[in-house]
Amino acid sequence: MKALLLAGGLGTRLRPLTENLPKPMAPIANRPWLEHLIIHLREQGVDQFIMAVHHYPDVIRRHFGDGRRWGVKIEYSLEPFPMGTAGAIKNAERFLDERFLVVNADIVHLPQLVPLLDFHRQHGGIATIALTEVEDPSSYGVVEQDDSGRILRFVEKPRREEAPSNRINAGLYIFEPEVMRYIPAQREVSIERETFPRLIEEGAGVYGMVSRGYWRDMGTPARYRQVHWDVLNRRFPLLMHGRQIQPDVWAGEDVEFGAGVLLVPPVLIGNNVKIGDQTVIGPYAVIGDNCYIGAHVHCSNSILWDRSVVRDNSRLSNSIFGYRTVAPAGEVFNNSIINQPGEVMRA
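To get my numbering, take the position in the sequence shown, counting from 1, and add 96.
The set of hints was computed from the structure by calculation and includes no laboratory data. Among the hints, erroneous ones may be present.
DSBU-like, lysine-lysine: derived pairs with alpha carbons at most 30 Å apart [said to hold, decoys possible]:
id : residue 1 : residue 2
1  : Lys169    : Lys98
2  : Lys186    : Lys253
3  : Lys98     : Lys186
4  : Lys186    : Lys169
Produce the complete structure using the sequences and hints provided.
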């Protein structure tokens, strides 16, 4: 089966971390989220991928190439401008001549495909939308369904007491190739505001089924951090690279600990990391590969991407450091996002 991964968004709410990086390539548990997603879908039986790319597409191309390293085939569909979800699907039409899967690659969700595919075959419509249930649907487009699962309408951001359900679009779709006839070419097209309403109005058969399991939009720094804390708490049981060296503390290969280092769980440390004397790591800390952390540092509720450097006597709390960030000695970083040496944005 083929899957179209929508990875072309600008990730504006996660800036400055996404200034030079597609949002799906932001690391979660020290691996790009897009890599986790591809591995999961491969295990679900998907072996052919089309990447819809636009924002820094070469970052994705360099990392994944043709997909051979992951045992899959990857091709690329370049959006000449931001085309919206449906526009990106239409732009990739040449690759999609049979039933296919579409995944918003910046949504953190590892779906079980077999129940969704079985449901899609049974209802015989043109589209299946994976749904997720939320506590408060007032910030989302909410679906109204009949007893068969057919979607009757979308209600955009209803008041909580007026919402027809608590089910929202989870960002994963199964389509028949005939859906392309309903999407205009060469322009931005919203799947929520244009395509689905048209399919429903014309009786093409749009159905929805709840996809169980963890689901979160990682589009803001707060949500991005929360995904990591959910991984560390095992509320989101993502694969951890490394071994558990003490309860709820995972460390990779070639990690050097100085004298008196204290690890306060939960903590995840990558490969080739050096941590100086009398440093405290945690609680809630994720340290990427090839990082250096000096002596007498305190790092809690923070995420360091690969090759970050934190000099002696610094304190980090509720902060995110981008790739190759260097923090000077003796500094205090609280609610900060740093993506370039010397660049600090208060979150």
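Given hint lysine 98 paired with lysine 169 - CA-CA distance at most 30 Å: The hint holds at about 9 Å.
Can the restraint linking lysine 98 and lysine 186 be considered satisfied, given a maximum Cα separation of 30 Å? Measuring from Cα to Cα gives roughly 15 Å; hence the hint holds.
Under the criterion that the straight-line Cα-Cα distance not exceed 30 Å, is the pair lysine 186, lysine 169 satisfied? holds, 20 Å
Are the Cα atoms of lysine 186 and lysine 253 separated by 30 Å or less? Status holds; Cα separation ~27 Å.
Hint check: no violations occur; every hint is consistent with the structure.
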